[in-house]
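Visitor: Start from the sequences and build out the full structure, keeping to the hints where you can.
Residue numbers (my numbering), protein chains in the order written: chain W, 1473 to 1808; chain P, 1473 to 1808; chain H, 1473 to 1808.
Don't read these hints as lab results, they were simulated from the structure.
Ideal Cβ placement from N, Cα and C applies to all residues, glycine included.
Check the hints yourself; a few may be wrong.
Straight-line alpha carbon distances no greater than 25 Å define the calculated BS3-like cross-link-like pairs of lysine-lysine that follow [what the hints assert, rightly or not]:
# : chain 1 : residue 1 : chain 2 : residue 2
1 : H       : Lys1518   : P       : Lys1759
2 : W       : Lys1797   : H       : Lys1797
3 : P       : Lys1801   : H       : Lys1797
4 : W       : Lys1660   : P       : Lys1481
5 : W       : Lys1481   : W       : Lys1545
6 : W       : Lys1797   : P       : Lys1797
7 : P       : Lys1518   : P       : Lys1545
8 : H       : Lys1481   : H       : Lys1545
9 : W       : Lys1801   : H       : Lys1797
Example chain P residues on the side facing chain W (calculated, C-beta under 8 Å, incomplete) [said to hold, decoys possible]:
#  : residue
10 : Ser1568
11 : Gly1694
12 : Phe1792
13 : Ile1805
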Amino acid sequence: MRLAEIAEKIGGELVGGGDFDVRDVAELAGASSDSLSYVESERQLKEPTGAGALIVPPGIEPDRPAIRCENPKLGFARAITLLRPPTPPVPGIHPSAVIDEKAKLGEGVSIGPSASIGPGAEIGNGCHIGAGARVGEGVILGPDCIIHPNCVLYPGATLGARVVLHAGAVIASDGFGYVPDGSGGVEKFPQTGTVVIEDDVEIGACAVVDRASIGETRIKRGVKIDNLVQIAHNVTIGEGSLIASQTGISGSVTLGRGVIMGGRVGVTDHVEIGDGAIFGAMSGVSKSLEGGKIYLDAPAVEIADARRRIVIYSRLPEIFRRLQKVERKLEDIETC
Amino acid sequence: MRLAEIAEKIGGELVGGGDFDVRDVAELAGASSDSLSYVESERQLKEPTGAGALIVPPGIEPDRPAIRCENPKLGFARAITLLRPPTPPVPGIHPSAVIDEKAKLGEGVSIGPSASIGPGAEIGNGCHIGAGARVGEGVILGPDCIIHPNCVLYPGATLGARVVLHAGAVIASDGFGYVPDGSGGVEKFPQTGTVVIEDDVEIGACAVVDRASIGETRIKRGVKIDNLVQIAHNVTIGEGSLIASQTGISGSVTLGRGVIMGGRVGVTDHVEIGDGAIFGAMSGVSKSLEGGKIYLDAPAVEIADARRRIVIYSRLPEIFRRLQKVERKLEDIETC
Amino acid sequence: MRLAEIAEKIGGELVGGGDFDVRDVAELAGASSDSLSYVESERQLKEPTGAGALIVPPGIEPDRPAIRCENPKLGFARAITLLRPPTPPVPGIHPSAVIDEKAKLGEGVSIGPSASIGPGAEIGNGCHIGAGARVGEGVILGPDCIIHPNCVLYPGATLGARVVLHAGAVIASDGFGYVPDGSGGVEKFPQTGTVVIEDDVEIGACAVVDRASIGETRIKRGVKIDNLVQIAHNVTIGEGSLIASQTGISGSVTLGRGVIMGGRVGVTDHVEIGDGAIFGAMSGVSKSLEGGKIYLDAPAVEIADARRRIVIYSRLPEIFRRLQKVERKLEDIETC
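Guide: Put into structure tokens, the structure is as follows:
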């Protein structure tokens, strides 16, 4: 594809070399001479690269054919899709798929081998249901969802438009709720609520979103959830939040809009997290926290405080020795 | 359902409004006027709710139709099942399921689309095997087990009665065992043992229970395990233990009866935990610990000690400043 | 099997009792009189065992029929395989499996019920594809791979020889990459790269290995990965590394050869770990670290330092009291 065409399609400004024929995208290191890569800074521009063309930010003069973008990474993301266009699944229902006669399928739906669709399920137009995926009774999928192979949607889950579930993800499984039965054992607290997943949510492989005990678990519009994440019953995740791998959100937690969690954050039950709060990897959240701040550590505190205590923690042996020295000096003084 | 009928069936005492027609259960907040909810304390009774009827504990005078229960949450759990009765799977074997001719099926068994049952497997009366579940060679299931879609039981696993496995759970996979081969590599230590899961165990979505290397991994009666939990080879989990999400139990660990673990607890290999020990979320257990106590933190210690050190940890920067001040004062004194 | 035959086949020296008829292998405790067990030390030899025969290390005189091996555990591992030989899957394609007409199958391949093989996939000689496993378009499997039930290989993944994937493992799912779109939301950074898994790799149940965004994620020869592990996009794991359960490796991390990670280690993105580095369970790696050392704690430091600070951490309340005492003494001195 000609560089000029890419520039136009990604909304960038052609800096030079409009006729340059881009064959592929590549990371800076190891790029071949017919590839397009990108830099975000003057420093990156100096890194060795064989890339034949670059996407650069404003204020940087490239030494080869280039496109200038306000946000080079965003432009590059769009260029990837141009040069490596995804192959859309061919509509059609594989003969080995099992579609209950009371299920409703939209137009242009694609259903893979051995997938199963339960009674009363509604599959929106253009949805792709991967091989071996299980869509339970009464599940509703908005248009253009992609359900990768071997996902499981328990009965009653509701998904909006363009929701993507990666392989092995489980939606609307029972929450973990038991009540002491008064004679030393427990009885199951019935998990009869639902899960609602709004438009443009993407959920990673082997992630689990539990159904509510009575009401609903809700993953709001545009939320992105990574692999192996646990979302417990009755949780609400606010619009546009990003939740990295292995994070666990306990029951009845509410996250605000645009919350960002690094890998393996843990959140205790029934807390509320304000809009835009950011959590460093491995943070442990043990109480409600206000939005607009960056948190770290377990128990999680604001990052400046967290860093201070982490630094001091790493110096604990030295601090202990200094304390001992102080004690000895004091004894000497008292002895005098 | 009339409130009087609910009271009778859940073993509670009708306080008033026996003719009140309950249409559904609801959480306190957001309950509609034809719903039943519950309170556990005087404080909760003061929370705004539109619930038409309540379950209350002894000693609390309700202001509307109500049932009095020794344990309101338990009573409410039972009321949920009355008002939202689960729909039992219809017995029958889906034509797309693959049942080996050497497998034995009990009466009233239900097997979903594309599930497969291996040779020599025995499926107890009333079991439900979900779509796409894989029951390996020689697996034995007691009566009334529910195996949700896409679970995998490796050959030789044995389940008791009424065991529930949630979607994507894997039982009796190989433990993680390798031996240095003397020339810089490793050889697999064969994982030839079994897994035994006793009656009334429930295991969460995408949880994994490894088979023993030689002997058995055993999950005893009434244990409840949450999503994404790892149970390594040769582990024993004592009766009635509750293990929350993302917890990991390393090889050859023995947990006593009634052990409770919050989310994402980690237990190192070969340790023994006494009956009734309770572990706060994110605890890290690095040695054997006696029962009947509450533990927290990593390394896990009794909760009072843990809280003390966590509090001091959060004050480390202040402590360091105070130490520096003490040092300066001492220098001043010495200079005099 | 006669003890003499076992000795010969595992490459050990028969110490006595060559005609002893070994019926099974067993752990030391609970072994029956016709079983073979093993000890690694004089101390273990004194533990009560009913084992009829033992594998012992050099320098230990057994009191019963025995085999002497340089490495008794390795010898025992080999004896297990002799006495409990794995039953190889019978070659053949189950009629319910779905093989795309453009897929190529090697000789002696076994494909289980309801598995599916996509167009252009190449399955090497002797591979076993378990029930319900999903092999995507263009996936290449070397010879003798074992893909357990319900695994998912996204399109384009490449596996070497003898790779084992345990049930529910997901290979080449999308990495977690999003770019701010400049108007408060995010756009997906396309995940168009691949995953290469080299020879003799074993990957645990419900583990996830993401595809690269552009280049490749690579798991090198002989790596062993436990259950529920997360390997993010563009990661490289060096030859022979061992990664225990619930560990998470963030994007673009490079591990050297022979790296060992205990359970639930976390590694932040873009760091490099040197050959032979060892990490204790629950370590948190926040920067590049050199090889050949043992690390522990979060943030991970060399084990001696880690242990020192962990010990002092556990004494924090005492240290705080001692600091307060010092302060009071100083005040007394100043008052004088």
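Visitor: So which of those numbered hints doesn't the model satisfy?
Guide: none
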